[in-house]
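Trainee: Chain by chain, the residues run as shown.
There are 4 protein chains.
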Amino acid sequence: MQTGRHFLAIPGPTVIPDRVLRAMNVPMVNIYEGPLIDMTHSLFPDLKRLAGTAGEAVIYIANGHGAWEGALANIVHPGDEVLVLESGRFAPGWGDMATQMGAVVHTLAAPPRRGVDPAAVEAWLREDTSHAIRAILVVQVDTATGVWNDIEAIRRAMDAAGHPALLMVDCIACFGCVPFEMDAWGVDVMVAACQKGLMTPPGLGFVFANEKAMAVRRERGCASAYWDWLPRTQPDMYYKLFCGTAPVQHIFGLREALDMMAEEGKDAIFARHARIAGAVRAAVAHWGQGGPLECNIVDEAARSNAVTTILTGEIDAQALRRICEDDLGVTLGIGLGMDWSQAFRIGHMGHVNEPMILGVLGAVELALTRMEVPFRAGGVEAAVNSI
Amino acid sequence: MQTGRHFLAIPGPTVIPDRVLRAMNVPMVNIYEGPLIDMTHSLFPDLKRLAGTAGEAVIYIANGHGAWEGALANIVHPGDEVLVLESGRFAPGWGDMATQMGAVVHTLAAPPRRGVDPAAVEAWLREDTSHAIRAILVVQVDTATGVWNDIEAIRRAMDAAGHPALLMVDCIACFGCVPFEMDAWGVDVMVAACQKGLMTPPGLGFVFANEKAMAVRRERGCASAYWDWLPRTQPDMYYKLFCGTAPVQHIFGLREALDMMAEEGKDAIFARHARIAGAVRAAVAHWGQGGPLECNIVDEAARSNAVTTILTGEIDAQALRRICEDDLGVTLGIGLGMDWSQAFRIGHMGHVNEPMILGVLGAVELALTRMEVPFRAGGVEAAVNSI
Amino acid sequence: MQTGRHFLAIPGPTVIPDRVLRAMNVPMVNIYEGPLIDMTHSLFPDLKRLAGTAGEAVIYIANGHGAWEGALANIVHPGDEVLVLESGRFAPGWGDMATQMGAVVHTLAAPPRRGVDPAAVEAWLREDTSHAIRAILVVQVDTATGVWNDIEAIRRAMDAAGHPALLMVDCIACFGCVPFEMDAWGVDVMVAACQKGLMTPPGLGFVFANEKAMAVRRERGCASAYWDWLPRTQPDMYYKLFCGTAPVQHIFGLREALDMMAEEGKDAIFARHARIAGAVRAAVAHWGQGGPLECNIVDEAARSNAVTTILTGEIDAQALRRICEDDLGVTLGIGLGMDWSQAFRIGHMGHVNEPMILGVLGAVELALTRMEVPFRAGGVEAAVNSI
Amino acid sequence: MQTGRHFLAIPGPTVIPDRVLRAMNVPMVNIYEGPLIDMTHSLFPDLKRLAGTAGEAVIYIANGHGAWEGALANIVHPGDEVLVLESGRFAPGWGDMATQMGAVVHTLAAPPRRGVDPAAVEAWLREDTSHAIRAILVVQVDTATGVWNDIEAIRRAMDAAGHPALLMVDCIACFGCVPFEMDAWGVDVMVAACQKGLMTPPGLGFVFANEKAMAVRRERGCASAYWDWLPRTQPDMYYKLFCGTAPVQHIFGLREALDMMAEEGKDAIFARHARIAGAVRAAVAHWGQGGPLECNIVDEAARSNAVTTILTGEIDAQALRRICEDDLGVTLGIGLGMDWSQAFRIGHMGHVNEPMILGVLGAVELALTRMEVPFRAGGVEAAVNSI
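Chains as they are written, first to last, in my numbering: chain A, 1 to 387; chain B, 1 to 387; chain C, 1 to 387; chain D, 1 to 387.
Hints are not guaranteed to be accurate.
Put simply, identical chains are the same to the list, so a pair is met inside one copy or across any two.
Said to hold, decoys possible - Derived lysine to aspartate or glutamate pairs resembling DMTMM-like cross-links, with alpha carbons at most 20 angstroms apart:
1) LYS212 / ASP259
2) LYS212 / ASP80
3) LYS240 / ASP38
4) LYS266 / GLU152
5) LYS266 / ASP326
6) LYS212 / ASP183
7) LYS212 / GLU33
8) LYS48 / GLU263
9) LYS266 / ASP327
10) LYS240 / ASP96
11) LYS48 / ASP80
12) LYS212 / GLU81
13) LYS48 / ASP327
I should point out that these hints are in silico values taken from the structure, not numbers from a laboratory.
Excised from the complex, chain A in its bound form (with noise of 0.2 angstroms):
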């Protein structure tokens, strides 16, 4: 037990703003006429502005992985072939539910602890000659290993190899944190959530859709009711926007989300991000000349701004959180798919500004100099020279 605010440095669920948290706490109002109606169209232009794109959006009441699901119950069918490319813990799982929904999911890996290779993505679809592969699944930042997949090159790879397939890519863990231009890439369906560069609590799920990919659904349909894109995009009363009952309290929470971060600015944000990022991996890198820490992802161009996985080595990562989190009121992010020894993770994402990142580095150097392990002292100075 102490005082002091707590510091949620973990890469999801994100620190939710005052301001958010007192949009949601209001009484219930009704879901069939009144200022909930108009309020629930704002948010899809708002949506499709900061995913780059003129194309649909639709908003699931459900999870990251439930927008997963609504993505590919559209587009994927039984005996369809998909092509993962895997550089963490995400696109694989993705890739579990469409085999699960009967589809043929094929899995290229990228060179541990880096990025997915365009070149590599090349090569596998041009042997792909039939051109079998109906979806390519991959995310922009996988959460597990902190990487950044450079989108625009794999768009440029497909068609470099002239393939077909549609682009799906999973910005759930850095949606509103980084650059991302659907239209602009060619990417044809993405998927978001809430609960991490938005600020919201968990419950919202996001896909976008662009023209192709909504020609695939109206032409081969969709089984599922509920993800079903169609009559989400084309209401004719309020409720079928949510296949039911509205989100009230969330949509509340995250039209107040998106007016903050129209106040910051798109652009504003996503220099913060890098900011901060940067700070954590001068304060890793600082630490590690004299020890065992080292971010997880060797490329540095390939470390996400959202998220950043530390390898601890001989240095036992749970110690450190437990210190972090009981004496110092720092929650770091265990080693997602890893050994929880050996890795934590730092989220910086969303309603994180430079103070808070360097409480929590300092935090981390202090859990450090209270186990007497190695490594060099100096990292926070670093973090705050770097920015």
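For chain A, the structure is supplied; the task is to place chains B, C and D on it using the hints.
Mentor: Below, chains B, C and D without anything else, positioned relative to chain A:
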């Protein structure tokens, strides 16, 4: 614009207790460790107790329609035959969902303004000598018509017909408001949601399944990872309970709502709903002695204790609702699936008590008076006397 | 234990609107710079408008008693003579405060269960030929007896007597509920507080002073720095507005409450209070036709629109209140300054509307019925009809 | 405009814990009966425990200045002589209040940038051979200068001089942050408030009085009903605890804050404040090795653990504060009573922990860097190392 507390008397989402809103108004927490884990696990026994089952329970991040699909996805496969017992708007809606999944849907409609007739069900099923029907879909209460169906009697009819179909019941509109004994009544699958009797903002759907239903899932598979009961009921990791990120704030809210319900006690809750519904019906009956107002459901025993649908004949129900909302601070429900000008609904489920309902009825009587339409004055007093 | 919203029907502190509570539920802010400063300054014009004065206003961090002292401390000095116009509990209480300050307090009591008689005031003052009385203390509404005094008539009586005393009026129980025209009526000092008609949690008291009162302060001094009007009305630094740290959350709350009042409009607010008070009186009159219930105030014109005190005769008012609170979710006011078993009060001020008061009256009638005491049933209907 | 949590680092009002805000965000309750009564009574023992006294405690609806007056009103009468021990801005301010009440105020000033010198106090009092001084006013910590005075030593000095004056101590700026032992140290009257170490929105002031002080009140009277200790410490009715309406929401908030403090424990709280203040001083000392930054208080032992006042010499403190607030989300305190461009303050009291203070110090160092002013980089690291 007027002042004083607004009365929301729609049949869901219902008035959220201050305690529940406050329980949700908390900073985000870790989703991998800590108190959220135990709190989540504590929800299931309470939900099962309320459903009267020793079977399995799953909590979907979804609305009631999502829970419908969650129930179907584990039971119904393309080509399966399903029987819908129509007594309003919602069982057919559920059936449409099965149709979209590829099922063949048959419908047995109740007589107009009445509940499902068990004898008719028995007769229908006796005709199905090949036992082609795999599942029967029925609602306990229909939010649109306000009917209450006698589920126990329907099961007896199925048994009398010797039919092996699964009995799947939608309790969304009345879960936590009226008795439901899943195991004792022989219900195989039950669907509910959090935003009505459970007094929690919309965003959670529930499915309960007995062993017979679970066996179907195990034997025939499930093409949806999101709706799949198996990982959710046998999770080796916490996140599998929700197929992804947990709905943190909703867990806090639902926990508080279930605590409130435990404090009051199941029997007391049901008695309260019966008392308050009786007051509404007493007022309507009284008003109707001098004009066209009447309960939509003809059979008194089939009027639900959760919502009352009122037919208004030549009285303009839209004008009535407008006066109540704009001048008197009371929001009534629209006549769902009916001519909005000839019907309205009063929701009396969840966080409701005697003075609340008397306030609502008082507003309706005031509005009737101002409209100078035919009705017998004294309905509020009739309501007082009925309590 | 029961569920549903609780109805607080005491004559203050009153129901706090959700909007006001939410406005207060914000992180702490800087008190030396920033938006708090302008927001604070915005309160004074709105308060003055409500008081009907172009004079000065001060906001004390204090309750109503504190504001009483704040008024006296600037006007009354040891040895001064003061006249209290007694019509309940509160003007004498204010007088006791003056006594403790060293003033000589005279009392002119209204007839039992009636308001102050202006003619008696005039007669009394004519006797004070030496004009020894420096100030007259009177309430506009007495929270205990429920009386409303005609302040305008009292001023006319003073003028008729040609008496120069300051007229000091306590509007705590009705500020923002009934008309008050400080300047037009010739009131010199007015005292109010935030927790009744102003719908804000208790913690702020207000004093309004016209030029005549300010001149007294300037000429005769003030021995209290905390209550002193001078620095508060001519602050060269922000903190002097409050003689120290500003009441941050209360400023946010009061700002929201005043915004709500501006949205509704002063006249509409007063009309609403009149309408709702009329409904209460109609119910009491009806009940009283079959038993001992009656309004404490005999003269109909002197019954306040903010609170009604009801005498219960041989009906046990404590038992009545207990049934309402424990079984029906309605808290009634005790018979302040009376035998608690022979009187109770209904507060109908601030955030109140028709369905709220009908709910409260319905609960009272239900309780009377359960107690099997003599009363004429139909009081709620009488209330409906009166609106 | 930027995003991420705002850091309020002013020396009060301080960061309000979410738990406290939430505890206040509740509907209004009855003030004559029910749980509020017991909760109110539970506050006094906890406050006394924190003050280290078996004497009396009163809770005023007022800010700290109000509590000052509440203390004086019971002890000091017109013509009384009082000695102010000046070590900043606040003891003289308290003395001004006594002057306005008619007391004759003498002042003994500490040397610039130092605390009160007990030897000087002893010498001064020895000169007062007639024991004309009735009370000595001193602060434990001055919010403006950041000085901490050794109250125990001052009492010893008074005893050494054999002087019978009452020792009255203002602990507003440090109550609940640093040790205070009223009875053990021989303090007669202590004044505090809720908005600093007690983490509650401003609106409550506290006065503690031992038997010697209560005897003065009883013997000499009190001209103020609002500030009078007698009815507040011997209330025969609940409302007398507050001389009127209770501060409902503040009672809920203070209860929660005291619960948090009990959970952490008095010693742990004091140790935390010492640790965090040490970190601030380490950073300032480090920065000062390359430029003009220095602690205002020269004597290290006299630097308070609640607030640090930093002199900036030729560095523009206003520009520094502006960068921190506008660009980095950190609000620093102004140089109260000093040239705002040559000093600033860091509040580190109440709801504060290591990552919070490291975040604040990081922001200051970032601002210094951006301003390109002389300082030695590495202050944040020095802070980390000091912890």
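Trainee: Confirm or reject each hint.
Mentor: How the hints compare with the structure:
{"no.": "1", "hint": "LYS212 / ASP259", "verdict": "neither (30 angstroms within a copy, 49 angstroms between copies)"}
{"no.": "2", "hint": "LYS212 / ASP80", "verdict": "within (17 angstroms within a copy, 32 angstroms between copies)"}
{"no.": "3", "hint": "LYS240 / ASP38", "verdict": "within (15 angstroms within a copy, 35 angstroms between copies)"}
{"no.": "4", "hint": "LYS266 / GLU152", "verdict": "within (19 angstroms within a copy, 57 angstroms between copies)"}
{"no.": "5", "hint": "LYS266 / ASP326", "verdict": "between (36 angstroms within a copy, 18 angstroms between copies)"}
{"no.": "6", "hint": "LYS212 / ASP183", "verdict": "within (11 angstroms within a copy, 48 angstroms between copies)"}
{"no.": "7", "hint": "LYS212 / GLU33", "verdict": "neither (34 angstroms within a copy, 42 angstroms between copies)"}
{"no.": "8", "hint": "LYS48 / GLU263", "verdict": "within (17 angstroms within a copy, 35 angstroms between copies)"}
{"no.": "9", "hint": "LYS266 / ASP327", "verdict": "between (36 angstroms within a copy, 17 angstroms between copies)"}
{"no.": "10", "hint": "LYS240 / ASP96", "verdict": "between (29 angstroms within a copy, 14 angstroms between copies)"}
{"no.": "11", "hint": "LYS48 / ASP80", "verdict": "neither (28 angstroms within a copy, 39 angstroms between copies)"}
{"no.": "12", "hint": "LYS212 / GLU81", "verdict": "within (18 angstroms within a copy, 34 angstroms between copies)"}
{"no.": "13", "hint": "LYS48 / ASP327", "verdict": "neither (42 angstroms within a copy, 28 angstroms between copies)"}
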